Amino acid sequence: MSRKLVRRLLQRTLPRHCLITDPVALKPYETDGLTAIRQPPWLVALPETESQVAAVLRICREHAVPVVPRGAGTGLSGGARPVEGGVVVGLSRLNKILEVDLDNCVACLQPGVRNLAISEAVAEHGLYYAPDPSSQIACSIGGNVAENSGGVHCLKYGLTVHNVVGLKVLMMTGEVLHLGGRGQELDGYDLLALMCGSEGMLGVVTEVWVKLLPVPPVKKVLLAAFAQVSAAAAAVSEIITAGLIPAGLEMMDRLAIQAAEAYVHAGYPLDAQAILLCELDGVAQEVEADAALVERLLRDLGAIDVQIADDPQAQARLWLGRKAAFPAVGRLAPDYYCMDGTIPRYRLAEVLQQIESLSVEYKLRVANVFHAGDGNLHPLILYDADIPGELEKAEAMGGRILELCVAAGGTITGEHGVGVEKLDQMCVQFNSDELEQFERLKAAFDPAGIANPGKAIPTLTRCAEIGGMHVHNGKLPFRNLERF
Amino acid sequence: MQTKLPEAIVATTKGRRAEQILRSCVHCGFCNATCPTYELLGDELDGPRGRIYLIKEMLEAQKVESVTVTHLDRCLTCRACETTCPSGVEYSQLLEIARDYVSSNYRRDLLDRLKRLWLIRTVPYKRRFRRWAQLGRAMRWFLPKRLREMLPVASTVEALQATPPVSPSVAASSVLLLNGCVQQVTTPQVNAALRELLAARGIAVVELAEEGCCGALELHLGKEPGALATMRNLLDTLAPRLDEVDAVISTASGCGITLKDYPRLLKDDATHGKLARRLGDKLLDVGEYLLSLDLSWRKQDEVLAVALHQPCTLQHGQKLGDEARQLLQNAGYDLVAVRDEHSCCGSAGTYSLLQAKLSSQLRDRKISCLESGQPDVIATSNVGCHTHLAVAASVPVVHWIELLR
Amino acid sequence: MADRDISDELQESIAQARDAGVSVAIAGSGSKEFLVHSDTETTQSRLLSVAEHTGVVAYRPAELVITARAGTPLRELAALLARANQMLPFEPPLFRGMGTLGGAIASGLAGSGRPWRGSVRDAVLGVVMINGLGQKLTFGGQVMKNVAGYDVSRLQVGAFGTLGVLLEISIRVIPKPASEMTLKLELDCLESLSKMREWARKPLPITASCYHDNMLYVRLSGAETAVLAGASETGGEIAGDLNWWDKLNDHDLPFFKEPGSLLRQMSPPAQELVNDACVLEWSGAKRWFYGDESEYHGTGTKLFGAGFAQVAVSSPAADPVRGDVQRRIKQAFDPDNVLNPELLRANEAA
Ligand SMILES: Cc1cc2nc3c(=O)[nH]c(=O)nc-3n(C[C@H](O)[C@H](O)[C@H](O)COP(=O)(O)OP(=O)(O)OC[C@H]3O[C@@H](n4cnc5c(N)ncnc54)[C@H](O)[C@@H]3O)c2cc1C
Ligand code: SF4
Ligand code: SF4
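Sequence lines, in order, name chains A, B and C. Numbering-wise (the numbering used here), the first sequence opens with residue 1 and increments by one. Numbering-wise (the numbering used here), the second sequence opens with residue 1001 and increments by one. Numbering-wise (the numbering used here), the third sequence opens with residue 2001 and increments by one.
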């Protein structure tokens, strides 16, 4: 398919300022939050209305041109990285809040609405939208749905999938899928859950209905400093064993603390090896009781210092530092490579120890900042892309970390998605039957395979190439390779 | 972020600095969220992250493309992105380098060049600017709407004859007040009010007889050599008076920010660099200064609720702003809540002339945020914002100094 | 608790059925049979019972996750969890006191705590299943967060086995609340509806609310102090019947035994539709009443009785796009239509 023809068709369909064709202007669209992976697109369309989105998709369908949906471009797995010969459909201009329904405590949003903008818009009603990825200031709700994003508060309040109640999806077949909305449960197959985390490969989301929750009247944030990472890890399990589900339970190690402190000046203890941030929320009496219990637990488990932030400003500062920790690490090294493995909580200390050994082995520093309560690790491998070979080293080490996670009974990605980044590790986690099942499922939505192709699900050939040595469920994964 | 700047660029001081800044950006995109032009236009290229990328590409290719210029020109230099950036990326310095690069490696079209030339030759010179302003007022109805809106408000043009400084006989302390070029023409009442306030409290106000421009205008238009000359000139005029005073202040945060930046801008100039640092030691924003004096204030009787507009040059540039809030509260005013406080009003120096459409869209947004709390007045601390907002606001716009008694 | 792994046999049965060109009808304990078939219907499918496939595969209370085989009785599961002071978040109905984990997941029916504690699919973290090709597949996992690949695990919830035979399911569990209290307020249906909605906007420790028979019931859970504080806000008197919510969930209240067609509506009711004779749950989002289903087309209303499963799993005919997509998904998992094909007949007719 010639670029010229598609370009002409799109030019005829979209206003001038909604189509980017100049190669220089296309460059900044070649990557998302994961800059190590880049590919300039053919074209970028920035539609302003849903019908323009539909028109772009129609042209792409008729000419079999791949479509890459893009929200705010904060993704960390290359999900919105363009594909060669493809059109990027940027949804940033569809950024209106269409409806706030106070009777049913739901809101209807266009996909480009920023996550934080939802809570800001409904704050006057005492409501908020619970999932709060650290990138919430910038990331879009459409991107959140596509990645099933979590946040520092999802231990108690769930991931995107738990907080989205309706979607409108433009499918690549030209069909429009309406799922849920104001109500709470759907008939038929749970396509809504399936759309969450589908990385833009099943269609383009153009409307999102989200659940709004009442803002908890009282919050307390405890900051506990530990002299050992393992002690902090142990405390995480203890808190949960005690029957508590904190609103957030996060951990940062020394490097991450230093970087975050340099940005927010929140008063994190710089001499600690690890800190835990534990937020308790709810009605006053309950929070008081829980906070006392957690404080006692933390001290018993060897916390060298426990501070409690009661006032909203101090709390906000503590969270700001946590939420800005990834980019703040940019102060320590020019580049970082962010991992996203999830493991059972009880193996935290052990896996962190192994990561530390890898850090020594590869001679690359690692900053750890993560959702401890969910067992969702984010080791940030610090490197310098300008030093030849460092990126490759960082990637190799990252791969090893993810394999560690799988071996510990966990998964290669908790919330950032597979994108193009973790395709190889998908071969470790899934066998060929499972991968083929994914492929058939995708074909049910996108038979032509033009929705964000080449992401999330590796081809069997790729898996075969990177080595059929991985053992899955006690079986070699590619026993039926002879089929192709 | 990985960069591959060519040797020729890295060999220069600026090139090295640019590389450093580029590499400190991790491409997280947080900054886009608070960038006024990204909010308005929703295009990566009109947000800081995209601009940084365009600059990187430009320096890597050593070639200035017109789309790059288009998107860099749309930047307000409001620096909201710097406030937001967790990685500490000094975007405005990168932009300064980029604009300088553009101005020496790119030929703008004729109209654009003329506009910029006119701005540089007129605005910083208060007599020329005054003449243009008067001429403009006379021909008001023949001018296109956008230019008309730019004109100083009627009363102020007439009330031009600067009030002579009142010096109390026995001064407790003394302060050098910089008047700024545009402010003397458009809103002279601000400094007049300040002089009165200070005089009444026994503080001597020293002013310069022939005060030149601070250089901000040329700097923002990418004319660095000219800007530096203007700065040296001002420093020379200032130098003899520095020892007489306890502090040097400006009531326009747009001038203040540039003045505070002198030591960096002139660091390669031995004599003026030193002068700049001496100035830097005494330089304060008027809010900082007044708050440090620990004086008491009264409020104007008829005004109750104030919407405080924080100029970008104050909140993002100088990381200040609470001082004015504090002073107004001390004086007994109610401050109404203002939505999207971080966001620029679109004035941004010459931006309102060069990017008139975006500028007025931003202004209208800002005014709706400022007026949503139903204030009696809008108070600001920069002359540019002051006149820009006054055109469209439905309540009076003042410098907060004018509210103190 | 019985601990038996018959996954190989199950896999074998499906392969055989597929080769023989016959279909299978998957069954657990049979507690939800009444939602599938009326007594008079006959079936050509071979019966595939998962009831023997039982036992807990992994359970570490500190992880808040339990993994069990599909045939494990819900009762036993609940008892095991209770020993660690934990519970299933979605309060599955135990019709006739029975029910297996697999059945609860496949039917996707959640109890009255649904808006606060989440739906069945909200709690599902991973599955091991056999698809219609007889392949044993693992999706999701035993950790809280997992976005590797499409969320096939949650897709099984409410699919009534039409996409696969569930073998093992990992579920997120929650701590039992330290204390719990049920209050009742004498209010009519409309008053109750607006009360429920008002509460939903407030931070109260509510975990269930229901209007029934001119009475609004509300359950408060959490720390004792919090429950007491909540009670002073909601008002009402303490309801005596400790098992009231179980009776509601299991349809043991007299209301559910009345003659006539019991209908379930799952969209927020228009005010004019609610009346004092209905039962309202989930802050008003779920309504039970008696009537003629055909009068409520397009309002998310279904007959809750024989044929419910067919309608539940086939998308409503009102949305042909969803019907088509579902058919294609079924194809993707079970191209030869081996698994519970009868449930999709309604869909095919449409
Ligand atoms: C500093 C930093 C911190 C982060 N912290 C977290 C965190 O705590 N938790 C977390 O979960 N993630 C986190 N992320 C990752 C990222 O922010 C999330 O994945 C986010 O949801 C991506 O949203 P986006 O709008 O930027 O999407 P993009 O990056 O633009 O796109 C992401 C994917 O979604 C698809 N997509 C986007 N919009 C649509 C649509 N409308 N329809 C269909 N598909 C679409 C794209 O094709 C792509 O595959 C972080 C990222 C950064 C840079
Ligand atoms: S916030 Fe800072 S690090 Fe992130 S993209 Fe913007 S400038 Fe770069
Ligand atoms: S200075 Fe202002 S307008 Fe320019 S990129 Fe930064 S935030 Fe955007």
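Please keep in mind that the hints were generated in silico from the structure rather than gathered at the bench. Predicted, not measured: the structure shown is a model, and the values here were computed from it. Errors might be hidden in some of the hints.
[As the list claims (entries may be wrong)] Below, simulated SDA-like cross-link-like pairs (lysine to any residue); rule was C-alpha separation at most 20 Å, straight line: (1) B:Lys1357 / B:Arg1074; (2) C:Lys2202 / A:Leu213; (3) C:Lys2176 / A:Leu320; (4) A:Lys219 / A:Ala123; (5) B:Lys1299 / B:Gln1329; (6) B:Lys1357 / A:Arg16; (7) C:Lys2202 / A:Asp101; (8) C:Lys2202 / A:His178; (9) C:Lys2184 / C:Ser2194; (10) B:Lys1319 / A:Arg16; (11) B:Lys1282 / B:Arg1232; (12) C:Lys2302 / A:Glu120.
[Unchecked claim] Stretch by stretch, here's where chain A covers chain B in the computed footprint (C-beta under 8 Å, at least three residues): (13) 1051 to 1061; (14) 1185 to 1192.
We put the beta carbon where it would ideally sit given N, CA and C, even for glycine.
Cross-check of the supplied hints:
In summary, the hint linking B:Lys1357 to B:Arg1074 is supported, as the alpha carbons are separated by about 11 Å, within the 20 Å threshold. Restraint check: the Cα-Cα separation between C:Lys2202 and A:Leu213 comes to about 8 Å, which is no more than 20 Å; the hinted pair holds. Taken as a hint, the C:Lys2176 and A:Leu320 pair is broken in the structure, with Cα atoms around 32 Å apart against an allowance of 20 Å. Taking the CA atoms of A:Lys219 and A:Ala123, the gap is about 16 Å. The hint holds against a cut of 20 Å.
Between B:Lys1299 and B:Gln1329 the CA atoms are separated by roughly 9 Å; this keeps the pair inside 20 Å, and the hint holds. A C-alpha spacing of about 17 Å is found between B:Lys1357 and A:Arg16, which places the hinted pair at or below 20 Å, so the restraint holds. A distance of roughly 15 Å separates the Cα atoms of C:Lys2202 and A:Asp101; the hinted pair therefore holds under the 20 Å criterion. Restraint check for C:Lys2202 and A:His178: the C-alpha separation of about 30 Å exceeds 20 Å, so the hint is violated.
A C-alpha spacing of about 15 Å is found between C:Lys2184 and C:Ser2194, which places the hinted pair at or below 20 Å, so the restraint holds. The straight-line distance between the Cα atoms of B:Lys1319 and A:Arg16 is roughly 39 Å, outside the 20 Å bound, and the hint therefore fails. Annotation: proposed proximity of B:Lys1282 to B:Arg1232 holds, straight-line Cα distance about 17 Å (limit 20 Å). A C-alpha spacing of about 38 Å is found between C:Lys2302 and A:Glu120, which places the hinted pair above 20 Å, so the restraint is violated.
Residue count for the segment 1051 to 1061 of chain B with a Cβ under 8 Å from a Cβ of chain A: 3. That meets the three needed, and the coverage hint holds. Remark: the segment 1185 to 1192 of chain B is not confirmed as covered by chain A, as 0 of its residues place a Cβ nearer than 8 Å to a Cβ of that chain, below the required three.
When the structure is compared with the earlier hints, violations turn up for hints 3, 8, 10, 12, 14 and for no others.
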